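Visitor: Chain residues, written in single-letter form:
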Amino acid sequence: MPQIIDARGLSCPQPVILAKNGIQTGVFPVEVLVDTTASCENVSRMAKSKGFSVTVEPQNSDFKIAINKR
Amino acid sequence: MSEKMTNFFAARTGIIIVGAIIGVCAALLQKFGNPPNMGVCVACFQRDIAGALGLHRADVVQYIRPEIIGFVLGALIAALLFREFKATGGSAPIVRFVLGMFAMIGSLVFLGCPWRALLRLAGGDLNAVVGLLGLITGVAIGVQFLKSGYNLGRAVKTYPLAGLIMPLMMVFLLIVLIVKPGFIFFSAKGPGSMHAPVILSLAIGLLIGFLAQRTRFCTMGSIRDVILMRDLHLLSGVVALLVAAFGMNLIFGAIKLGFAPQPVAHSNHLWNFLGMTLAGLAFSLAGGCPGRQLFLAGEGNGDSAIFVIGMITGAAVAHNFGLAGKPDAMVNGVLQAGGISLGGIVAVGAGLMVCLVIGFTMREKI
Chain A
1 MPQIIDARGL SCPQPVILAK NGIQTGVFPV EVLVDTTASC ENVSRMAKSK GFSVTVEPQN
61 SDFKIAINKR
Chain B
1 MSEKMTNFFA ARTGIIIVGA IIGVCAALLQ KFGNPPNMGV CVACFQRDIA GALGLHRADV
61 VQYIRPEIIG FVLGALIAAL LFREFKATGG SAPIVRFVLG MFAMIGSLVF LGCPWRALLR
121 LAGGDLNAVV GLLGLITGVA IGVQFLKSGY NLGRAVKTYP LAGLIMPLMM VFLLIVLIVK
181 PGFIFFSAKG PGSMHAPVIL SLAIGLLIGF LAQRTRFCTM GSIRDVILMR DLHLLSGVVA
241 LLVAAFGMNL IFGAIKLGFA PQPVAHSNHL WNFLGMTLAG LAFSLAGGCP GRQLFLAGEG
301 NGDSAIFVIG MITGAAVAHN FGLAGKPDAM VNGVLQAGGI SLGGIVAVGA GLMVCLVIGF
361 TMREKI
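The listed protein sequences correspond, in order, to chains A and B.
In terms of our numbering, the first sequence has 16 at position 16, counting the first letter as 1, and numbering is strictly consecutive.
In terms of our numbering, the second sequence has 30 at position 30, counting the first letter as 1, and numbering is strictly consecutive.
Note that these hints are calculated values from the structure, not bench results.
A few of these clues could be false.
[Unchecked claim] Mimicking PhoX-like on lysine-lysine, the simulated pairs with C-alpha atoms at most 25 Å apart in a straight line are:
# : chain 1 : residue 1 : chain 2 : residue 2
1 : B       : K86       : B       : K157
2 : A       : K64       : B       : K326
3 : B       : K157      : B       : K256
4 : B       : K4        : A       : K48
In this text the structure is predicted, and so the values were computed from the model without any measurement.
Start from the sequences and build out the full structure, keeping to the hints where you can.
Guide: As structure tokens, this is what we get:
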């Protein structure tokens, strides 16, 4: 079961903080929903910098970011 | 193509190049008429706009700054081109208004927002070091709140036209700037009277607005990201701005190292520090520096638009109530030290209290 974090509508840097907290629980994959490209970039950058694999899937006007262990 | 461009701007090289372009542009604006070390100052320029509209009557700081108009409209153009325009709002607007007001009051006690703090430093004004230390302190306090669950809640999508209100206000200001109707005030002396040609200011404003929207350039965010997650991405852009502006100032011979007298600045260290602490805390609680708030407003973010209006109101309050810092002046070769009024001291204290209460009470339990 993926861990789903709904960060839509939250402004910077909330989505990154929530994603980081999600990663720290150790339950993978972590799926983060965001609604702006900026949040999508920020969450992806944070996860990549911590060495996780990141796949982004656009959903209507939102994005689903799947974070997984390499 | 569009995706390639997006990736370029999101990368480290992108933000460094954009930071450097902003630094060069700011120095050019100073060379071509903007006040010293004030090539681009979001707080000062919003204060000038407040004055031009007669919201305050400090006759030395009244002008409709095309840079601000350009910031919003440039960001709007970029957001439309890259399909990122999204009208949103409803994340505690009144709190954002109050944060905007106090962010402006804190900035005007120091006499500059984070952008100008960088430009002042690039011009050799060492008071900026004190201001930047205050800014870092304010942002660090904000980060503690963020870590303990501070959150103003979700924004929701709204009507596209609602997201266009701030850009339309900027179009109105542009028309007023060109037509110059009788109800507008333009300074005949002082910083408000000093400005680069309208077309140059507007063009540079549009360029910076466009580039900053793409890269998410943010001065407050650069400090926050380092403290919160050791991320140097935004900071590399801010450092590039500082280095580029310093380099240009060297070429133009526009560097004057020292504390006093510096142009449109005072050397009251305690209040330079605390003014910027207040501003840094308010910016971090609102999620963006004054520039970033303008760019977000251009993308359709109604909460940032409210913050901007809060800042403009804060400028009116600061000057009507005599809260703004008074710059040092040379009178017949004698240095007249500026500083801050009792009202300014009270306002900074009140602002810090209000921001702390907001930070402590508006959090989700985690």
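Visitor: Of all the hints numbered above, which does this structure not satisfy? Sort the numbers upward.
Guide: Hints 2, 3 contradicted; others consistent.
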